[in-house]
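Asks: Okay, here's what each chain looks like letter by letter:
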Amino acid sequence: MIEEVATTAEGDLVINIGPQHPSTHGVLHLVVTLKGETIRKVEPHLGYIHRSIEKMCESLTYRQFIYVTSRMDYLSAHINNHGCAMCVEKGLQLEVPARAQVIRVLMDELTRIASHELWWGALSMDLGAFTPFFHAFRERETINDIMEETCGARLTMNYMVPGGVMYDLHPDFQRRVKEFLKLYKLKIGEYDDLITGNVIFQNRMKSVGILSKEDAISYGCSGPVARGSGVSCDIRKLYPYEVYDKVSFDEVLETNGDSFSRYLVRLREMNQSIRIVEQLIDNIPEGEFQAKTKAVLKLPKGEFYTRVETARGELGIYIVSEGGTTPYRIKFRSPGFSNLSALDHMVRGSKIGDLVATMGTLDLVIPDIDR
Amino acid sequence: MQQEALKAIIMELFPAITFEEGGEWLTMQIAPADWKPFAKILRNAKGLECDYLFCLTCIDWKTHLTMVYHLTSTIHRHSLVVKAKLDRNTPEIETVCDIWRTAEFHEREVYELFGVKFLNHPDLRRLILTDDFEGFPLRKDFEDPVNMIRL
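Here the protein sequences line up with chains H and U, keeping their order.
When we follow this note's numbering, the leftmost residue of the first sequence carries the number 8, and every step to the right adds one.
When we follow this note's numbering, the leftmost residue of the second sequence carries the number 30, and every step to the right adds one.
Don't read these hints as lab results, they were simulated from the structure.
There is no bait here: all hints are sound.
Here are a few chain U residues that sit away from chain H, every Cβ distance over 12 Å (derived from the structure):
1) Lys36
2) Met40
3) Glu41
4) Phe43
5) Thr47
6) Pro61
7) Ala62
8) Pro66
9) Lys75
10) Leu77
11) Lys114
12) Asp116
13) Leu148
14) Pro174
On the chain H side, residues computed to face chain U include the following (Cβ under 7 Å):
15) Leu53
16) Ser59
17) Ser225
18) Ser345
All C-beta atoms, glycine included, are put in the ideal place defined by N, C-alpha and C.
Excised from the complex, chain U in its bound form:
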């Protein structure tokens, strides 16, 4: 029921969006270029007010990368998921750390582990890996002959 109501609000405010079926929460697909304006709507629109970004991550699908944002509202207690498909060779997406401050750290993590470039991020540096580390460890084609043990 709640999902249908949310869907109606989002459809009205941002028609250029596709919904995915079958998830626990309302799941949406968005073009990377539309993400920033859509994020602002999710954060501020009445009835949505998703103020808590509780998970930000990326998935490597070998042909493309998918950014996954899990949002929840501390006022209305609903959760939703937004996904953005990125090109694997030049993955770029607008940062959201000015909307949700927690994104600053999470985006830095995704930047070094997946190689996604966050545009307009204030401090896009490595967080975990050393400066001379080569490759993006969480991508599926990453190989490290010394440290990786396959069972």
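Only chain H is shown next, with the shape it has when bound in the complex:
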């Protein structure tokens, strides 16, 4: 590990950004090699929040391990839990009641909005605008309050369990979500007014951090990062799960592959999530919210893989079972890990100020990368 300012043999400056740096949004450590202000190389050093979740899961039962996954990508906690619950259900060949399916999708989409809100505020702050952060948090708080009422938690929800959801919706849920939708529609225009059309903002985002379609595929990028480069990769569309094949929404694609494209994809994706919530909020079927399961879950011998679309991209859960009550091996293919690997390629040759802007549009969540 490089601990001091150093120069390479060619006279390039080597500096450390992070692990404690506001723009990395967590404990990410980047070793940047600079020629003047131009970036020659970016090397991420990970592991400052590595908890070895995969190893931990090997000694937890199929009911317990889901709770740990809320701590990976804490902004998409619901969706992480959802993926894990689905993987266990796949092993058990368990049918989830219709009500639970709709509740799950509703929660996923609200999570996605909340996560994108945070990203939008944080990105603006990275670029020096402080006001958007408060605007974003105003709406995000409303979602958190709705979550808190039903799940009892604001960040690490642990609401999805194998077979359905842990408890039924709060009686106020529908009313409050509708209020939120009303509020949100008033505010979404503000986002564009504040930031999107801003000349300074556009100059810093356009033609910066370009990732071509081929590279996005080769680097294994997913989610808004890949969709900003024109790769159609929305798991909700390609491999629909729960009720995603019954609701209408568009996969947002941009083809420029620069930071601005990734920005637009996320901004428009929020509107699509709103569309999904609107379609489902009045159509929550009556019935059970959880399928009947045995107290101790045992997966048959074999391998199970599920893919879900989190706010950051494709999360893969790979369970290898030997037939016991705990997984033999579990692997989380986290979206941030692959997206981060493309960072070096994206910023080589650009200025150091653009590194922060590009990193902002990758929407990195460090616990998700380190696991």
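Following the hints, complete the assembly by docking chain U onto the known chain H.
Replies: Here is chain U on its own, set in the frame of chain H:
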């Protein structure tokens, strides 16, 4: 149906391969020495074109290690799984990071957590653990009396 068609293409291009039954996707076993040429076929052959490596990991079976590669094609939308059995004492396999760039990071992760050596990898260093860390944490015989809590 799709699996059968894929199977036929692969059989024709690379006969030295064994198929596994019962998985969600077409699953294949390959000898580590054959992996690199086979990977190139999977990436480039017409009808296969698996350009997206979405998961790369390793499993410790106590007697041997198994590398698992999950591939998908963004053109044809099929997915397949390739497995390679490695010797546990000297696990070595050719890198594929020149075919799929994402493998560079994933292989570094497997290198430090399982101790698999990737031949011809351009930058095989530790990614997550500290330089003085001993042992391979995700192997089944790894013990850490301080930090490991068993429930």
